[in-house]
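In case you want the letters, here they are:
Number of protein chains: 2
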Amino acid sequence: MSAPNSSNHTPKIDPKALRSALGTFTTGVTIITTQADNGEPVGLTANSFNSVSLEPPLVLWSLAKTALSLPIFNTAEHWNVHVLSMDQQALSNRFAARGEDKFKDLQLDQGITNAPLLSQCSARFQCKTAFIHDGGDHVIFIGEVLDFDQSNLPPLVFQSGQYALTARKPWQDVSLSQADAPLECSYTEDLLGYLLGRAHFQMLKGMQQELAKYDLTSSHFFALSVLAIRDGLTLAQINAHIDYTGQALTQGQLDQLIHANLLAYRESKTTDAEVFLTEQGRQASLGQIAQAKAIEDELIDELGRGDVTALKLLLKRIIHQTDPGLPDLWSTDSN
Amino acid sequence: MSAPNSSNHTPKIDPKALRSALGTFTTGVTIITTQADNGEPVGLTANSFNSVSLEPPLVLWSLAKTALSLPIFNTAEHWNVHVLSMDQQALSNRFAARGEDKFKDLQLDQGITNAPLLSQCSARFQCKTAFIHDGGDHVIFIGEVLDFDQSNLPPLVFQSGQYALTARKPWQDVSLSQADAPLECSYTEDLLGYLLGRAHFQMLKGMQQELAKYDLTSSHFFALSVLAIRDGLTLAQINAHIDYTGQALTQGQLDQLIHANLLAYRESKTTDAEVFLTEQGRQASLGQIAQAKAIEDELIDELGRGDVTALKLLLKRIIHQTDPGLPDLWSTDSN
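Chains as they are written, first to last, in this note's numbering: chain A, 1 to 335; chain B, 1001 to 1335.
Quick caveat, the hints were computed from the structure, so don't treat them as lab data. Fair warning: there could be bad hints in the mix.
[Claimed, not checked] 25 angstroms max Cα-Cα, derived BS3-like pairs, lysine-lysine:
id, chain 1, residue 1, chain 2, residue 2
1, A, LYS316, B, LYS1316
2, A, LYS65, A, LYS16
3, B, LYS1213, A, LYS65
4, B, LYS1213, A, LYS316
5, A, LYS128, B, LYS1016
6, B, LYS1205, B, LYS1316
7, B, LYS1213, B, LYS1293
8, A, LYS128, A, LYS102
9, B, LYS1102, A, LYS169
10, B, LYS1065, B, LYS1128
11, B, LYS1169, A, LYS316
12, B, LYS1128, B, LYS1102
13, B, LYS1316, B, LYS1169
14, B, LYS1316, A, LYS205
15, A, LYS169, A, LYS128
16, B, LYS1169, A, LYS293
17, B, LYS1016, A, LYS316
18, A, LYS128, B, LYS1128
19, B, LYS1316, A, LYS169
20, B, LYS1128, A, LYS205
21, A, LYS293, B, LYS1316
22, A, LYS128, B, LYS1293
23, B, LYS1169, A, LYS102
24, A, LYS205, A, LYS128
25, B, LYS1016, B, LYS1102
26, B, LYS1016, A, LYS12
27, A, LYS16, B, LYS1169
28, A, LYS16, B, LYS1128
29, A, LYS169, B, LYS1016
30, B, LYS1293, B, LYS1316
31, A, LYS169, B, LYS1169
32, A, LYS65, A, LYS128
33, A, LYS205, A, LYS65
34, A, LYS169, B, LYS1293
[To be verified] Covered stretches of chain A, going by a simulated chain B footprint (3 or more residues, C-beta under 8 angstroms):
id, stretch
35, 31-43
36, 46-57
37, 68-77
38, 134-140
39, 251-260
40, 272-279
All values reported here derive from a predicted model rather than from experimental measurement. Ideal placement from N, C-alpha and C gives every residue a C-beta, glycine not left out.
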């Protein structure tokens, strides 16, 4: 924090530092569109949007005076604001760059004015210019909302120069324990390692019914999952892929899977022969994947697709950070 | 999405539906403060803040014409904008409600004007009223930034009437596989169950060195962790707490822990006697917790505290959703 200054002294403002501080204020991402006098569609990405008034319905956004499209918006009677959804990051980048072909191949909807109306947004506001105010190096456009609509697509977010998703805080309590005062122990329910373990094991417990159909343990399940992705591996190769779980498929467990007709050697068995999923093994694995997806779909119903996507994003980031160098299960280049 | 309307017809705008659609635009949360003529501090929560201009430095926010503080802000020469940090949700609620004592017990910093300056924010902007514009049922205040500062505290977010945290998208790729085209398999790296398992096991792998000190498996580790929270449990009680992991501590493993002088029976052993952590067992457990926290701290360094907190929030939410009814490990009411 900067040192306090006397009230008579106005310190010089560093625009770069100011931009950084302003960036801490999180925003959504919008694309604003209009039609130029020559009929050309015009659009740009802006995060300076905000609501102003409900009655009358007014919204605002601001545009740099250096923007090429300023003269067009200055005379435009109508413009549309699109609150972008989380899958529209590429569209945001496209409309943030200077380019001739921003609208190329875009499917436009029919609006109530001539301003281009993009699809697949979280919300859209069709506006009529109400006021234009000077705002330093920007111009502030205030528009009256003539029509609007809203989808259930989770929105894209922008914070400190980065795209983001939101993890929403529900109104209900999310603490796991009913304990009024935490016991005197540094092992709390807030420890990330505990939360990851508990979430993982509870998900796995949801798979129990599928696994019980073939009397499978988690080691069996992990091995079948590896073979569902890369078929034809030796026991050692399977175990190289599941080693990070701290579990290994034993020769005895492999024999069980072969005996249960879920796996088979393609040729006569040698010491390090490759095993393949049988048709029944593939069906069992598909059933397990379907069950995992069903649990995930239920969570999407409860938490929302945006929050589950945010969770996956964060999990991938910590997997990257903690990766001990696991073999790439999905790459065709290695075995 | 609503049906297109003819351009000659302006549909009636439903304020409630409009508010909902506007809510899809994510914002930060700010508290705006000023000093009334009588010297009283005044403040309110607003998410209508936005930056306008860098040179000159201008920001804006809008205030409902029905607000009690409107006359005060209308004549105020200075006001401060505080971008709230993620731990300031209670402060946001306090300043969003009508109350006399909003500033009670708050530690104020010394600003360059008389406007109250709150602490522990993500960023603060000390402003001088530049313009005041009419905005329907709101008044738009545009201020020149006289001074500002920024902390590294992650910001609080608001979306669709709910508080939220952000899961930021890094610039680098977060996909786990180098595979150009995904193999033809419905088991992908995007499956939540896979991501949870991999993240959990990689965290556990980071504990390996601590566990190896006493030759412990994950079952031993889970049992020691339970006893670190609730000491004096029988083998059956320990296993009731770790059952959800799909693992159980066997009598043989319990004997190992006693033999290693990590656990002890307090009295002479009976069939279902309670075991306690020895001093050495407590030290071992503290070492494990410290290691788990060190891994977490490293992740906070890499991802940021806001993102790790968002991850924990999301994990708690899915643990709630998938909870098969586990006993409360931290509650003193039950065993």
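Right, here's what the structure says about each hint:
no., hint, in the structure
1, A:LYS316 / B:LYS1316, "17 angstroms, holds"
2, A:LYS65 / A:LYS16, "18 angstroms, holds"
3, B:LYS1213 / A:LYS65, "65 angstroms, violated"
4, B:LYS1213 / A:LYS316, "30 angstroms, violated"
5, A:LYS128 / B:LYS1016, "20 angstroms, holds"
6, B:LYS1205 / B:LYS1316, "22 angstroms, holds"
7, B:LYS1213 / B:LYS1293, "18 angstroms, holds"
8, A:LYS128 / A:LYS102, "22 angstroms, holds"
9, B:LYS1102 / A:LYS169, "24 angstroms, holds"
10, B:LYS1065 / B:LYS1128, "20 angstroms, holds"
11, B:LYS1169 / A:LYS316, "11 angstroms, holds"
12, B:LYS1128 / B:LYS1102, "22 angstroms, holds"
13, B:LYS1316 / B:LYS1169, "21 angstroms, holds"
14, B:LYS1316 / A:LYS205, "17 angstroms, holds"
15, A:LYS169 / A:LYS128, "35 angstroms, violated"
16, B:LYS1169 / A:LYS293, "24 angstroms, holds"
17, B:LYS1016 / A:LYS316, "38 angstroms, violated"
18, A:LYS128 / B:LYS1128, "31 angstroms, violated"
19, B:LYS1316 / A:LYS169, "11 angstroms, holds"
20, B:LYS1128 / A:LYS205, "59 angstroms, violated"
21, A:LYS293 / B:LYS1316, "20 angstroms, holds"
22, A:LYS128 / B:LYS1293, "55 angstroms, violated"
23, B:LYS1169 / A:LYS102, "24 angstroms, holds"
24, A:LYS205 / A:LYS128, "55 angstroms, violated"
25, B:LYS1016 / B:LYS1102, "29 angstroms, violated"
26, B:LYS1016 / A:LYS12, "43 angstroms, violated"
27, A:LYS16 / B:LYS1169, "22 angstroms, holds"
28, A:LYS16 / B:LYS1128, "20 angstroms, holds"
29, A:LYS169 / B:LYS1016, "22 angstroms, holds"
30, B:LYS1293 / B:LYS1316, "18 angstroms, holds"
31, A:LYS169 / B:LYS1169, "19 angstroms, holds"
32, A:LYS65 / A:LYS128, "20 angstroms, holds"
33, A:LYS205 / A:LYS65, "59 angstroms, violated"
34, A:LYS169 / B:LYS1293, "24 angstroms, holds"
35, 31-43, "violated (count 0)"
36, 46-57, "holds (count 10)"
37, 68-77, "violated (count 0)"
38, 134-140, "holds (count 5)"
39, 251-260, "violated (count 0)"
40, 272-279, "violated (count 0)"
The structure does not agree with the numbered hints 3, 4, 15, 17, 18, 20, 22, 24, 25, 26, 33, 35, 37, 39, 40 stated previously, though it agrees with the rest.
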